[in-house]
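> As a plain string of letters, each chain reads:
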Amino acid sequence: MATEVLMPALSPTMEEGTLAKWLVKEGDVVKSGQILAEIETDKATMEFEAVDEGIVGKILIAEGSAGVKVNTPILVLVEDGETVSDAPKAAAPVAEAAAPVAAPAAATPAAAPVAVVSRASADWPEGTPMKTMTVREALREAMAEEMRANPNVMLMGEEVGEYQGAYKISQGLLEEFGPKRIVDTPITEIGFTGIAVGAAWGGLNPIVEFMTFNFAMQAIDHILNSAAKTNYMSGGQLGCPIVFRGANGAAARVGAQHSQDFAAWYAAIPGLKVVMPYSAADAKGLLKQAIRDPNPVVFLENEILYGRSFEVPALEDFTIPFGKARIWREGTDVTIVSFGIGMTYALEAADQLAKEGISAEVIDLRTLRPLDYDTVLASVMKTNRCVTVEEGFPVGAIGNHLSAVIMERAFDYLDAPVINCTGKDVPMPYAANLEKLALVTTADVVAAVKSVCYR
Amino acid sequence: MAAKKAPEKSNVSKEELLKFYREMLLIRRFEEKAGQLYGMGLIGGFCHLYIGQEAVVVGLEATTKDGDKRITSYRDHGHMLACGMDAKGVMAELTGREGGYSKGKGGSMHMFSREKHFYGGHGIVGAQVPLGAGLALADKYKGNDNVTFAYFGDGAANQGQVYETYNMAELWALPVIFVIENNHYAMGTSQARSTKSETLFGRGLAYGIPGEQVDGMDVLAVKAAGEKAVAHCRAGKGPYILEMMTYRYRGHSMSDPAKYRTREEVQKMKDEKDAIEHVRDLLIGSGLSSEEDLKAIDREIKDIVNESAEFAKASPEPALSELWTDIYA
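Chains as they are written, first to last, in the numbering used here: chain A, 1 to 455; chain B, 456 to 784.
Watch out, some of these pointers could steer you wrong.
[To be verified] The calculated lysine-lysine pairs, modelled on DSSO-like cross-linking and capped at a C-alpha distance of 27 Å, are:
1. LYS571/B x LYS597/B
2. LYS180/A x LYS692/B
3. LYS180/A x LYS597/B
[Stated by the list, open to error] So, partial list: chain B residues that the calculated Cβ filter (under 10 Å) puts toward chain A:
4. LEU472
5. GLY559
6. TYR596
7. LYS597
8. ASP600
9. GLY691
I should point out that these hints are in silico values taken from the structure, not numbers from a laboratory.
C-beta atoms are modelled at their ideal positions from N, C-alpha and C, and glycine is treated no differently.
Working from the sequences, and respecting the hints, build out all of it.
Below is the structure:
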């Protein structure tokens, strides 16, 4: 009986990958545990082992193919004397795979760029040439550019150097900047975070990478009590120029301890600045701004967004100021306010609503502290309705705070109560169906908008 | 390891002994005055006095050079005076006035001086240890030979982040001296009730960090040990641990009735081990100074302390607008 070998998922968030190299050829005898191929994910190049034994009957996906979806048959193993025609039908999925690309090693799989539907951004001059890049590449460029410009900028964290970054954000930085500036740490979050804060007081500009912000909980004392409060407690003597960055929020199927959005937690603390970008352009411009800021900045990234592509201005140097929301889409019937990965659902919902004749204005807050109240209030005064969208828990959410501010400052403009779309009030479940249920969805946003529009 | 004896007395000059006497006495009189102002309601909140432990910080400051850094816990008044911060500014911070080092916004536990390289003043037990190692990392990064003194108590020595820091400090050869001020009580819990470890410096050996126990009531022994540690650090050999065996005469804070130890125990330390009396005996016993000489210093110190208290009472409370300043740099 012939066996199909399928394209494997090699990380929690992997949906497709590049078949970088075959290490077997048709006719080879394969033993279980033998390396069949090298597969490149958005994070790393991984070796892919055989589980079943057999003879390689047919290679279905050519070496160098990019964008091969998980679970696509890539190879057929046959038994002695068997032919490939005995195998289950495997022709159809092959057609879905993309053609081989010229330089597979450099390819990073990415979803299609998100169209910018808003008016021209004021963040860069009109007519600026744009280039397509992933959020991951944008973050890496931001760090590399700032490290070239300022010798006191250094990066420390787990696996940032020799491993090239647990999520490949720091790929190549060790080679360019050396181990003095790209510092691999032991797994000791409170220790290395305290050291980084001390180093910032000592005159450096450290970037601390948390593999994910779940692990920053071990170090939150230094983020709050040491970094955020000392400038105030010292009467302005001891500012702390430091960036705490890493993946925040749910990835996929990693359970309750690895899936939490801390946006509202950090946004509650005076002395911190809190950034949560959605697009690659914002990720780059805001991270460069964060590294230059003389204050501690919590920079919340998202693992699922890392591989997404956006248009980024092809400028030698640009930054995006804190406290300035971006209007992604203008509308007249309702204001949808979001940030980070929540923008995915906000924008999808706006598309769907447009088809039903509801015109939604979509605002990306981009920074949560400082927060651009004026842009939100001006929009709500125009549309008279507001829905907020975020992945975090419903109690003490950013949306709660915005609702209160809108109530205080724009009560007479409201035609309906503000609705907060959030993650559900439960620890993140592991089961796929329950996880889906726990997260905020585009459907939630559509339903909330219809509710505030009385439709 | 047994506590170290003082080095040969002949190595110490009269000037140095007088300097030690003056600096330790300043701390003691300052702290006594702070206790008095606390009782009068002029100082609020927590106030942790350094009385009894003066030899530790005074002896170690004698080994520093310009650019060396220091960081400590909330029992920080002595460290500030010893590194040259102005008594008036420290006392005014205790009273929460605009003339204080933090404009009245930090208080007893949170004071800093960039100018004197004093990095606090930290209220979270043990937090100053990695912070201090970070200051050392910055010096190493910049390629100078400055060292950082990270002071903490026997209580903080049980915090996990101390050992994370030991590990990285030795791994990266950071020029940091970990000074354990072992006054035997973590608030009300004696060392014997919090650990089976016989020594605290000995834990550093597991990370490859050399260290020793020192008689922290003997300023000359402290200085000698400090010189050894500083030489190790400046030579790029990484961190060093000094476990200073010392004793606080007062409670953990002003609100501590100190029921966890006997009056006799405290009295015995005062009678037999007092750091200031020790230096006084050396000066007078060797004929270097007369009672009159020392009385003149006593008067001088008393004036400085009284002046600081007057300043701290006269300095106005911070302007209400200060509520909203210094949140961001």
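> Identify every previously stated hint that the structure contradicts and give their numbers, smallest first.
4, 8, 9
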